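Enquirer: Work out the full structure: start from the sequences and follow the hints.
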Amino acid sequence: MLLLGFGEGLHQQLSINNKGMGEGIVVLWGGTTSKPYKGLGKGRPIEFIEDDIDYLSRKMPELKYVGGEYSRWGITVKYGDKVLSEHVTGVTPNYEQMRFHIPQMGGRMINAEDVKLRRRVAFLGADLKVRLFGDEDPIGKQITLNSIPFTVVGVEVKKMQMNMYSGPDGDKVSMPLTTFSAVFGNRYLETVIYSPHSFDNMKGIEKRVFGVMGSKYKFDPTDDKALWVWDVVAGQKEMNLVLMGIQIFLGIIGGLTLLIAGVGVANIMYVSIKERTREIGIKMAVGARKSYILTQFLFEALLITFLGGFFGMAVSYILTEGFKRIPIKSDVLDFMGRPTISWEIGLIVVFILGLLGGLAGLFPALKASSVNPVESLRYE
Amino acid sequence: MIELRDVIKDYQTGKVTFRALKGISMTIEQGDYIGIVGPSGSGKSTLMNLIGCLDLPSSGNYILDGREVSKFSSNELADLRNSKIGFVFQSFNLLPYATAFENIEVPLIFAKKNSKARKQRILDLLSQVGLTDKANNKPTEMSGGEMQRVAIARALANDPDIILADEPTGNLDSKSGGAIVQIFDKLSKAGKTIIIITHDAGVAKHARRIVHLKDGYVDGNGSASNSH
Chain A
1 MLLLGFGEGL
11 HQQLSINNKG
21 MGEGIVVLWG
31 GTTSKPYKGL
41 GKGRPIEFIE
51 DDIDYLSRKM
61 PELKYVGGEY
71 SRWGITVKYG
81 DKVLSEHVTG
91 VTPNYEQMRF
101 HIPQMGGRMI
111 NAEDVKLRRR
121 VAFLGADLKV
131 RLFGDEDPIG
141 KQITLNSIPF
151 TVVGVEVKKM
161 QMNMYSGPDG
171 DKVSMPLTTF
181 SAVFGNRYLE
191 TVIYSPHSFD
201 NMKGIEKRVF
211 GVMGSKYKFD
221 PTDDKALWVW
231 DVVAGQKEMN
241 LVLMGIQIFL
251 GIIGGLTLLI
261 AGVGVANIMY
271 VSIKERTREI
281 GIKMAVGARK
291 SYILTQFLFE
301 ALLITFLGGF
311 FGMAVSYILT
321 EGFKRIPIKS
331 DVLDFMGRPT
341 ISWEIGLIVV
351 FILGLLGGLA
361 GLFPALKASS
371 VNPVESLRYE
Chain B
1 MIELRDVIKD
11 YQTGKVTFRA
21 LKGISMTIEQ
31 GDYIGIVGPS
41 GSGKSTLMNL
51 IGCLDLPSSG
61 NYILDGREVS
71 KFSSNELADL
81 RNSKIGFVFQ
91 SFNLLPYATA
101 FENIEVPLIF
111 AKKNSKARKQ
121 RILDLLSQVG
131 LTDKANNKPT
141 EMSGGEMQRV
151 AIARALANDP
161 DIILADEPTG
171 NLDSKSGGAI
181 VQIFDKLSKA
191 GKTIIIITHD
201 AGVAKHARRI
211 VHLKDGYVDG
221 NGSASNSH
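In order, the protein sequence lines correspond to chains A and B.
Going by the numbering used here, the first sequence opens with residue 1, and the numbers climb by one from there.
Going by the numbering used here, the second sequence opens with residue 1, and the numbers climb by one from there.
Hints in this document: simulated from the structure, not taken from any laboratory.
Any given hint could be a false lead.
Unchecked claim - Label pairs and their computed distance ranges (CB to CB):
1) B:70 - A:347: 44 to 52 Å
2) B:217 - A:299: 15 to 23 Å
3) A:358 - B:10: 31 to 39 Å
4) A:256 - B:10: 40 to 48 Å
All values derive from a computational prediction rather than experimental measurement.
For glycine and all other residues, C-beta sits at the position ideal for the given N, C-alpha and C.
Expert: Spelled out as structure tokens, the structure:
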């Protein structure tokens with residue numbers, strides 16, 4: 001029970017952590033062609049530009065969002081007398097949905113208007129905000145990026161991020177895509193990200209993307225080196241399988257433990273029957289049917305199992321609830337999750353207990369009901 | 001009512017077969033008062049287990065009230081032991097954790113009597129054996145004679161026709177033993193069939209008919225050996 005509880009907690013927490021980078025997204029990087037195509041040689045670099053975002057979403061209506069980002073490291077970020085060297089990205093507003101750049105209360109994410117007007121606004125990662133501002137409310141405050149003033153419009157909610165391709169989001173400054181290219185002069189996007197309406201045919205969509213971009217940049221749609229692809233959806237599916245595996249594993253351990261307990265109960269019942277052989281004989285002599293003896297011992301075994309089971313469940317419940325209420329904030333707990341007992345787990349355990357108790361009692365009870373009354377009366 | 005025809009009983013211990021009864025034939029009528037005597041190993045207890053439907057013969061016929069017992073199912077045998085036969089053992093065989101009241105209650109529960117009827121019957125039986133004040137005593141809190149009287153009350157619970165007693169006075173002093181035998185005499189007068197296995201000539205004397213067993217055979221038939 002406790003094991004399954006821990007498994008469930010781990011599952012839930014890892015699923016949340018896994019979504020730190022975003023859910024249902026595919027990340028694309030420009031690559032280098034490895035096949036000649038239409039008279040063009042191999043080894044040609046493919047790079048994305050801002051227009052590719054619009055282009056891709058126009059050409060592929062099956063995509064719900066298409067976004068992209070510029071990126072630069074080592075930008076001097078300054079607030080008051082604090083000076084830091086940080087990673088700065090220029091992003092599309094749909095990073096809020098795709099990459100979970102969700103603003104804390106009181107602030108906002110970069111929006112379409114910011115992009116259109118190339119506003120100098122900044123959205124801070126949660127950890128960076130603490131390093132720069134401490135407890136101070138940063139919304140509306142001025143910071144400078146390489147001496148250019150920006151207004152902070154939002155801070156990202158704190159998130160546990162297990163997947164990342166350019167450092168954790170908590171340490172980044174984000175600004176509108178258009179502002180970034182105007183300020184830093186980048187020509188090429190770091191990545192393009194898309195998220196389809198349906199996740200059923202991720203491979204097919206990927207092929208279409210290669211086709212669309214291949215016709216624009218003139219590379220062979222089957223050239224898998226032309227674009228680098230990270231299908232986060234597939235990764236998350238795999239992760240779910242691994243987590244299910246862990247849970248099954250914990251379940252098996254728990255099951256084996258219960259099995260041993262069941263053998264224990266059966267053993268107790270055998271001893272008890274041995275000691276009560278004479279009692280069984282007496283009852284048979286005064287008219288007990290076999291079924292009565294069988295029921296009696298089966299009932300006793302079930303009673304023992306369920307008493308033990310409910311005691312165990314109570315302890316499990318108290319432990320897990322206690323664990324949830326531990327007030328410390330620890331990275332390990334953030335990562336591992338806290339044990340959770342669900343109704344399903346409870347029902348499964350009750351079912352297994354019943355089955356186990358029945359089996360543990362059945363064989364000794366069968367033995368008890370089949371004793372010869374003459375011999376059991378003689379038993380000392 | 002009880003008829004044994006050429007009853008043989010074998011016991012198998014490993015590869016060795018031991019023949020405890022080597023062909024017993026006898027008839028016991030309703031209301032008989034029979035003493036079964038004989039040396040140790042003569043087959044007395046085996047015979048009693050067969051008559052009491054605790055065991056079935058290896059061959060031969062046991063006819064009880066016109067029905068062949070070996071054809072009964074295990075449930076029918078259990079019901080028979082519950083309603084028709086009352087057992088009294090040498091070592092009392094009371095449930096050690098239960099009070100006198102509860103011990104007498106057991107066969108009534110198997111007979112599916114309701115709790116009111118059970119209570120009425122138990123109190124009645126306790127007064128018959130003179131133990132009304134011991135209803136809530138456990139076996140460890142009673143003397144041997146008292147325990148045997150509880151056992152007799154239990155045997156009588158469902159008003160059986162037959163009382164089977166295996167050395168009922170064997171573990172008792174002569175005074176308590178005498179009191180037990182008097183109860184059997186009374187029951188016999190009330191019309192019950194009494195079958196007592198005993199070593200004690202003084203007890204056997206009370207029976208109207210004595211069956212001598214020797215090496216698994218009936219050794220003579222002293223039907224006229226006693227008279228009251």
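Enquirer: Does each hint hold? Answer for all of them.
Expert: Comparing the hints with the structure gives:
1. B:70 - A:347: 44 to 52 Å: holds, 50 Å
2. B:217 - A:299: 15 to 23 Å: violated, 46 Å
3. A:358 - B:10: 31 to 39 Å: At roughly 38 Å between Cβ atoms, residue 10 of chain B and residue 358 of chain A fall inside 31 to 39 Å, so the hint holds.
4. A:256 - B:10: 40 to 48 Å: holds, 47 Å
Hint compliance for this structure: hint 2 is the single one not met.
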